[in-house]
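Listed in order, the protein sequences are those of chains F and B.
1 is the number of the first residue of the first sequence in our numbering; add one for each residue after it.
1 is the number of the first residue of the second sequence in our numbering; add one for each residue after it.
Mixed in with the good hints, there may be bad ones.
Unchecked claim - Computed beta-carbon distance windows for the label pairs:
1) F/A825 <-> B/G331: 42 to 48 Å
2) B/T502 <-> F/P679: 28 to 34 Å
3) B/G338 <-> F/A825: 43 to 49 Å
4) B/G331 <-> F/P480: 36 to 42 Å
5) F/A825 <-> B/Q203: 55 to 61 Å
6) F/R473 <-> B/T348: 46 to 52 Å
FYI, nobody ran anything at the bench for these hints, they're computed from the structure.
Virtual Cβ for every residue (Gly too), placed ideally from N, Cα, C.
Below, each chain spelled out in residue letters.
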Amino acid sequence: MKNLLLAFSFLATMTVTAFSQGKAVTGTVTAAEDGQALPGVTVVEKGTQNATFTDLDGQYTLTVAGEEATLIFSFIGYTPQSLAVGAKAEINASLSADVAGLEEVIVVGYGNQKRSKISGAVGTIDSKEITSMPVLRTEQALQGRAAGVQVTQNSGQPGSTQSIRIRGTGSLNNAEPLYVIDGIPSGGIDYLNPADIASISILKDAASAAIYGARGGNGVVLITTKSGSKNQKPQITYESYYGVQEPWKYMALLNAEEYAILMNESRSAAGLTPLAALANPSALETFDWQDEIFERAAMMNHSFSFTKGTESSSTAIGGSYFTQDGIVGGDKGNFERYTFRVNTRQDGGERFRLGQNVNFTHLNRSALAENNEFATPVGRALNMDPITQARRDDGSFAYSNFIDSDIANPANQIAINNDFWTTNRFVGSSFAEFDLLSNLTFRSTMSVDLSLGSQRIFNPTYDLGIGPNDPDRPAYEFRPVNSLILGENKWSNWQWENIVTYDKELSNGDELKVVAGYSSLKNRSTSFYGSRDSLATNDVQYAYLNNSLNAAEQAPSANGGISESAFIGQFMRVDYGLGDAISLAGTIRRDGSSRFGVNNRYGIFPSFSAAWNMTELPWVAEKDWIDFLKLRASWGQNGNADGIGNYDYTSLVYNGLNYTFGGDQVQVNGAGPINTSNPDLKWETVEQTNIGIDADLYKGKLNIVLDYFVKSTNDMLAVVPLPGVVGYLPSATNVASAKNTGVEFMVNHRNQVGAVEYAIGGNISFIRNEVTGLGEGGQPISTGSVFGIGDLVAYTEIGQPIAYFYGYETAGIFQTDEEAAANTALPEAQAGDVIFVDQNGDGVVDGEDKVMIGNPHPDFTYGFNFEANYKSFDFSLFLQGAHGNDLLNGVFRYDLNTTNLPVSALERWTGEGSTNVYPRISHSDPNQNNRISDRFVEDGSFMRIKNVQLGYTLPESIMQRLSIGKCRVYVAASNLFTFTNYSGLDPEIGSRGTLEIGIDRGFYPSARTFMAGVNVNF
Amino acid sequence: MNLKTALFIGFFASTLVACKSEFLDVKPLVGSTEANFFLNAADAESATIACYNNLQQEVTNIQGSSQLAPHFRWYFGDIVSDDSHKGGSGDGDEPELFLFENFQGLSSSKLILAEWQVAYRGIAYCNLALDRIPGVEMDETDKNRFLGEAAFIRAFWYFNLVTMYGDVPLILANLAPSEYQQSRTPASEVWAQIETDLELARQYLPKRSGISVSEIGRATWGAATALLAKAHAYQSEWAPCRDLTYDIVGSGEYFLEGDYNNIFTEAGENGPGSIWEIQYMNASGGNWGNQLEGTFTNVFTRARGQFGGYGFNIPEQNFVDEFESGDPRLGASVFQLGDQMGDRGEFTLESTGMPHEYYTKKFFINASDEAPFGDPNPNGYSNDRVIRYADVLLFHAEAQYHLGDEATARTFVNFVRGRARASGTDPNALPAIGDDVAGADLLEAIYHERRVELGLEGHRFFDLVRQGRAAQVLADQGFVAGVNEVFPIPEVEITLSGGNITQNNGY
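Pulled out of the complex, with its shape left as it was, chain B reads as follows (with noise of 0.2 Å):
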């Protein structure tokens, strides 16, 4: 073997070993991965942004397949009580929702299964970040908020979930594949989680009056503090209620809006007794599988006919008796025959081209202030104002009623009462509540107050259920009592949890 021979087998032995391992590490150069996120403040704020992201899911492609389900909260809120019933272009459109309606409704549904998984995708991120920010290097004050306004919204989830399922998984931290297969956790436990959420909320939360304005829609102390009212009231817990609403009176930071007409308008979005209200806007140029900053609820419960909508949300007769004679709530609330839909024309049978008498006004944009570029209908502008003042207040006195001093429960009440009629043109209507109405009366009055200031918002299924009369007003809708306080467990998730789920009583 001579030199050169020698010379070429090295040269051989040498490229079999070239190559280090190095070599198969290649990471991506576009967009971060979870190795080399979560390093600054920037990463932080954008984390937290995303998980506001998933509260704007309205209409939303089931995992796993191609199929769209809309899945708004008035659609469990709303149609499933008397308020309002379904509509859309007739039995046919949206048949699952249908049949929830009348209390058949199914556990295979999509309706269902969507809304299960958007919000636990949304408490996902809000567990990814109260899990690393804390980890980041930044401003204490500006982390803490972080933090805070991620366990509201985690807070905001499960109390969604609570309510509409009972039991379900509490999931705290993002999961690995061998923690995938969950079982539910006892509602009592999800309550207390939502409160110790909402506790580090109002303890890291700025008040609103702090906050700049470009920052509104960020949430606040006082949506924290709402919430947590709300989540003692759902709980009969009277007393917390009571003390946390008042919190939000005495604050100073919300009062009423003078005029009832101005709240569901453009002008009055955010406005001064917008507590919580989820953002939306018609400029993000969002489309029917990818909504991104639009809203969907525009154009669902516009009329159809020439008014371009698909007629969802139909008020009933019920809900429009409800209303006392002069309340001009009745006006902001729904249309009537004869009425001028905004700039879109009149509303007659004809024009519509459906035999409805009713439709929902509190979502109705005019045409000239739709979406400037690409499609309308998955971009609408109106917020989603969660929690109002009125609302709040209308709990302070539910509480004070519960706990026996019906006197500040009927100043609250009048409060409600006194905005409504200065909204509208009659004085003498919607007189004040007087000492007179007392007892089982007062709490029928806070009810009433409830429906009329508060429909069609999305409140009344639930309330119904809270207050246990949900068996007594929705019996001929086929309400049965044990069973349908909650909606069914998708099979879907119970399959996939190996049966660890199991499914709601009666479904």
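This is chain F alone, in the form it adopts within the complex (with noise of 0.2 Å):
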């Protein structure tokens, strides 16, 4: 360290002598406490590259240009100071520590809390972080940032979403947070542009997110968008970046010669003749379908903002432009998005003050199926045969004479997709608040929140036989006929709010703050589709309904319907702050919705937290390392009303139940329920308890945050089966739980060496989930659905996480036909097969003897920053992983014998000690070597290089002659390298529903993307 100080000491006089004129400034610079000399300030002239750094003693010398000189001292964890030179010589500096990371203002549900005295578990994103990475959804900007906040993607393709779970899975149903933008709760977060983002705040523990009641039960994730500030100039920015993708991983797969090798096998050990087109390995050509469908794809953002504040308004203005093609498809899997908003607050008087925020979207999106083991590009391309090749020589597209069933040509897939969806978005509120008395305010809000869609889908006439009626071609390369579904949905939030604060401190140094309110939603989502088939031309361009030649004769497909639910909420928060020391708060809400049954139409939720600022304790006080230490703790009821359907109380009577009558056999319409009702229907509740610390250590450099938590959901909804003699299908009832609980840990340091400023910070969330009821009996759930393994892979059971993987166990190989004879409770089983453990030891492997094989729910889960600044330079490096989880791989269509397999098929049994892991292979499968078992359960543990970025600050001289205030411009990599051992093609597979984890169907992977950019302040 010393070394380091000497040198650029040394070079910093090198650069004072050069400059042989000037005037020569020299000083001491203390910390203002308590007088202590300061090493390592920057001392730096003004306006230009000119700086030293104090010595050990504190002091420092530097050459200046004249008296009209100003220096600027700043140091770490210190507030930076200005001072003009003059006519002096001498020029000492005082620098009080800055604390400010404590007087930092959280925004919390209605109302902000300083960060010393916030009693919830709250955790922080600063737009900074938000920025740092180009991220196209606002929730990728989450991932890895905040402990106990699990974010993974549902698909790589552009547009696709995200799974969010805060603290663990709390549902079988819906366990996505409560998304609130600028105090509004909101529909979805795919229409903000993440550069208008200003701060995020994720509500974790039931104190912080009580206030939203039955809304609140997974957390609560609140933004707040940038607006002006008053008395401020014009700030006019302009960002812009262009990346390219690419895929970072292909599966090995095997090549044309060991596929025919294999399938020659595989055909002989069942008995059947080899195939001709097979008999020569050697010769064959191997064709590369991954190489096939993925290509390069380009990606760029354009975003300005506008803002600056007078005496009495402010204003923000933003826009935007984005665009994403896809690595698999192209712009068959682009992206589009324009944003534009206006963000502004009038005073009107001392007393009265307004507000809008209008923000309207316009989302194109073209679409390629994913993540179904049977009509996906991805999927085909990894299962199709090596040898067949997309084009025949003539440019038409090819069908494969090996592989019969759903594995179709995925490149004619892609050319004749024609899935685009358009969105238009309008989100805006406006507000109202009076300040009835110098400490009570009364605020009202109105917003809307209004989302118009519509879908084309056109699905052309092709043909892939080679000439007309080519007898081999396979079903599912023709379609005869063509047809067009045009759909249109229209999606409504209305929401009015009324709220009174009342903030006084109390005679005795207390502090007392009242927050009450009232709010209202109605939500109405419409729709309509129609569809014809027989088009006149097989032309997307001419795809309109009106096209069709069936137009007289034929009734058109038509359906449409309407659904509405509506809340009512009544809240109150209390917060108490007990001299300087104690925080108190508690909440309590009653929330009504219509989505409930009649007998249960509203619930409580209350909760109370606590929070000991101990920094003034005199054991604390005296370690001057603890600069901040707090303690505090929480307990709170939230509820989850997002899983339930509008209509889930009620029996709803169906049209459909026909019949067939008379000599012509005529449909006949009949109707009746289908599902019982349940009038007693009602919310989740989450209970939660929470422990939290937090200490900033050494004069800011360091800052620590734990929390540990124990969260139960109680009157879960499940569909739990009902006695065959109810005769109806059942409907979700509350009677399910679980419970997750958990160890988060927040690290960041902070801190400069030299001219190098510096940042690091970690964060890592143990959480372990665990069903508690299933209802009377307990029955358990079975899920997950794989066409290649033929069964279903996931099990929701009393006493383990949700969703887990369920099958048999295996136990190596039979290597000799004696030892699959002397196995009884495998009795179709040779050489060669898999041994499949009989659990229970009742002489038969059968479904009772499946067992828990793998957990797709991570043992911990972490992501780890580091930044760098050292003159114009910045430098960050942000990397996540999750480490424990497994994956289930059902890519590969074990169940039609013929597909493409990854290269570890090669590994197959041949002889007696040929191998125990992988099977004989063969056509035939009487011992079921491919039922479900720990043979396709990976270990999907990975650590990801999120974003590495590289930026470097043009030189304020350059700015000036230009009048451009800062000027930033920067090389980006994202998710640059990935580790793990999964052999998929993306290890962070997301979810399909809740009940659905970690299941890889042909998984469109994530791209590994490098771009350019620039940052512009006018």
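Combine both chains into one complex, guided by the hints.
If you want it as structure tokens, here you go:
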């Protein structure tokens, strides 16, 4: 360290001596609190590169241009000071410690709180962290940044959604958190441009989320968008980046020769004659299907913002354009977004304020089918045989002569795909705030969230046969009639909220803050779909319903409906600050919803929390390395109402219970209820206890947050089987329960070494998930069907995590026929077959012998970031990962016998002693070697370097000449490296609903992206 | 505090109570709910048709999972008996059925669970109709007819349940949650309820001659009477059986189709001898997970290989041997090697790819008659001839025999034989039974006639059980007397009933 300081001092003095003219200034820098000298403080002449550092005694010497110079003194953990030189030769500075972090105001539900006083568990992410990584969706910015928040993508395709779990999966139905943007609960945050976000608060425990009552059960993500401030000069920023995406990995599959050898072996093992086309394996040419469907794809973003403030108003305007092509399908997997927003505030006199937020977003998406094992380009490319080429010599798409069934040519599938979504989203709110008394404020807000979506799906005719009526042409490679589906959806939320805030400092120094309010929400969603077939031309450009050739004769197919719901909430929160050290908070909220059954219309959600700021305690205060220490605890109950359908409380009569009568066999309509009704239907209750410690150490250089929580969900909705005598199908009832317990740890360290400022931070969370109840009889739930395995792979039962992998345990391979015959539990086995364990010893291997073979929930998840600044350069690195989670590899269609396989299939059993891991390959499988077992479960632990960025801020001198405030250029890479043992295309596989987690069905992988960009402030 | 402030406080206070609680009363706007259903005649009719709808269920999702289970009546009536064996693609195809065929069936089987669930679902819709239709304002005759239909269908479901499982829970109204865990009712009470329902149906349902062509397929007086006669026969109550079957004969509503070969053709659907037929059509666009108005029986019983079927319900040699020489009913019931399978080709071992020498013919349909759109497999058109006139005639014969009138018994058997003879080419085949056949021999003749007349229509197993002959005839299939007369109660249902439902003896 000392050498480094000496070296920099040397360099600095060299710089100084080079400029032999000028005025020499010297001085000492001390800390304001205790007068101690501060070494390593940066002393820079304002507007230049002329800088030096204080030595071990806090002293410096600097030659400045002249008397008009200004010196800026700055050091990590201290407030910078700016002093004019003037005529003086000695300039001393006294810097005060910046424990600004504590005075930082954090947005919580319906208000703000100082970080030093918060008693709930709130994670924060500021705008710099959000924009440091070029992201399309805001949820991606949350990934790995906050302890306890797990974000996984559901697909790598542009525009696809993410699953977010705050402190584990607490519901079998809907475990997504509530998003609140600028105080308005929102239907989805895909309309936001991440660059417009000022800060994000994540309310993790019951106490902080309690004020959202029946909707806060899964945690709350509060987003505040940028707004102008008063008396602010106009500021314009422009940001832009361009990136190229590419797939980061191909799966290792068999080549043509290996495929032919294995197919021949498989056929002869089943007593089938070998195929003539595969008679000469070494002569076959390999075709790489992954290479065929994956390509380099571009992405680009332009965004600008304008903020300004006068005495009595402020304005923020922003707009952006973003486009991203997919690495599969290029522009067939494209996502495009235009955003525009205006955010204004006005003062109408001393006691009256108005504000408006208006957002308009236009989204276009062209989507390919994803994440299933029979009809997606990725799934088909991995299963397609490596001999068939995508196109024949004449350019037409070819079909495979080896695979029948639904594995069709993926290149053709991409070419004929026409599935377009267009959404226009308008989100606006307007508020008026009035100071009734000096510390009593009333605020009324009206907001609307309107989404108009339309969809157009055109399925053209195609025929991959060689000539018309090719008899070998498989059914899936032929569509004789084209068809068109057009749909319109309208979705709207109207809300009205009235809040009263009372904020008073009492005479004894205590602080009392009361927030009380009333909120009402009405939601409405309508849809309309029409479809026709036999359109006149096979061109998507002319795909409109009136172009159908059957317009006159055949009735078009049309359907449409409407669904509505309403919420009412009344709430109150009291914050009491007892002196400086103790903060107490209590919240109570009463929520009613149209979704709840008549018998349980309203629910009450209380919570309590307390925080003890121990900083001033004698034994803490004497340790000068502890700047801040707070202990907090909370308990509360929230609800989860979002997993309930709008009309689940009643039994809908279904008009489709038809029969047929008459000599002509005509269909007649019958109607009746399908499900039982449930007038007792209510919200799921999430009860959470949280204990945490916040500490700031070493003058703001080290910051630690540690939390322990227990989250129990009761009255969880589950569709539990009913006795057959009831007759109707069961509807969801509040009978299940689950528990999540965990520990979260976050640490941040900032420091300065010479001219390099750096920050290192990380978070890690350990969460254990367990189902504690599944209703009367505790019937387990089986989900997750995988075609290639032909069975359900996920199982939810009491005492285990939600949706774990359930199947047979294997114990090696039978090496000889005698060994196989000796095992009477597997009567069909022969040498080379898999040994399945008879767990209960009843002499038969059947459904009763299934056990837990994998757990898709990670043991822990973590994120790590590193940032450094050196003069005009900045560097940042962010990585995140999960460990201990299992994935189910359901990519390959073993049920078809003829698909391509991973190279591990070459390790198949070929004779006694050849392998004890992989069975023999054969077209017939009497022992059901491919049944669901631990052979398909793999370790999905991964660490991914999510973002690496290197930026350079252009010198001020150049900027001044162009009258630009600041210009920064950067290069970055996203998903640069992924370290994992998983054999599939991507280990970060999300979920399909809450009961199917970590099942790979041909996952569309995320891309590795290289980009360059620029940020300009005018 | 000035006026402005006071106004604002007042405004604020009012906003707190602005929204009324009706705000939360959001009713579905698409589709009605139980609250606004059953308001008029059209609703009553729809509710009645919903009762019919479940009759068509053959391949069903087990509640609570996405597993489909076929559970045809002929699985239990024919395959479990000595008339046919399972077939399919091999032992691994429908393994649970293979176990039942050898009387090793498990209570965990999906087959019996699906059958149980579908039966009670059908009963629930009938209960709903019987409960709510009386309250609807509509024409009395129509109302009574709907009630009669619901009662008939409920009796039909209970008939299936009690012959399959023995004692079953008797549910006569939709259950409230506190009543979900029911226990079994003795079979005798279930039969009594069946009889009550059918008496009501007989009273309200029109005769077949009185309904219009467009209503063919609806339950009729004849259907209710025939089912009631069978119910009595299954309880060995021969006097009422005789009287009821005689009612049908005497009504002149039905007569035997002239040519037996016509019965199981498309033209022969709802023919002169059709008393109760479950209707199916091939143009409803159903698919595997959602069986609409088509039947799966056609594809399930058709041969594999080039014929594209699944190859179930393979007639056994002893069934073929049962037919007398020259009996045209053999040719109408069974495909033999060398036969033309309609327009699909010649039946050889190579063309089917399987070693079986016989296939069921009664549910065969030509390729040219298949569904005009969609997947043809779930969309067969063959109706399920549940009760035919010949069945009623033979029950009459059996009843008369048991009541001592052997002469009449012979006459009725000869009616059936006579039609069969007339359907063939040999006028000397199937000679009428003479007076020399008497006593036990006559009973054997009646049983024989039932087997060859109603072969592969799902009757055999249930006939053998009710006739008390199952233990003897099915001995080498593993039938154990006292156990296998009924099927096991699904164990899932026992668990969900909280143990109130007990298992059948021996399972």
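Right, here's what the structure says about each hint:
1. F/A825 <-> B/G331: 42 to 48 Å: 47 Å, holds
2. B/T502 <-> F/P679: 28 to 34 Å: 32 Å, holds
3. B/G338 <-> F/A825: 43 to 49 Å: At roughly 44 Å between Cβ atoms, F/A825 and B/G338 fall inside 43 to 49 Å, so the hint holds.
4. B/G331 <-> F/P480: 36 to 42 Å: 39 Å, holds
5. F/A825 <-> B/Q203: 55 to 61 Å: The hint (55 to 61 Å, Cβ to Cβ) holds, given that F/A825 and B/Q203 are roughly 59 Å apart.
6. F/R473 <-> B/T348: 46 to 52 Å: Cβ of F/R473 to Cβ of B/T348: about 27 Å, so the range 46 to 52 Å is violated.
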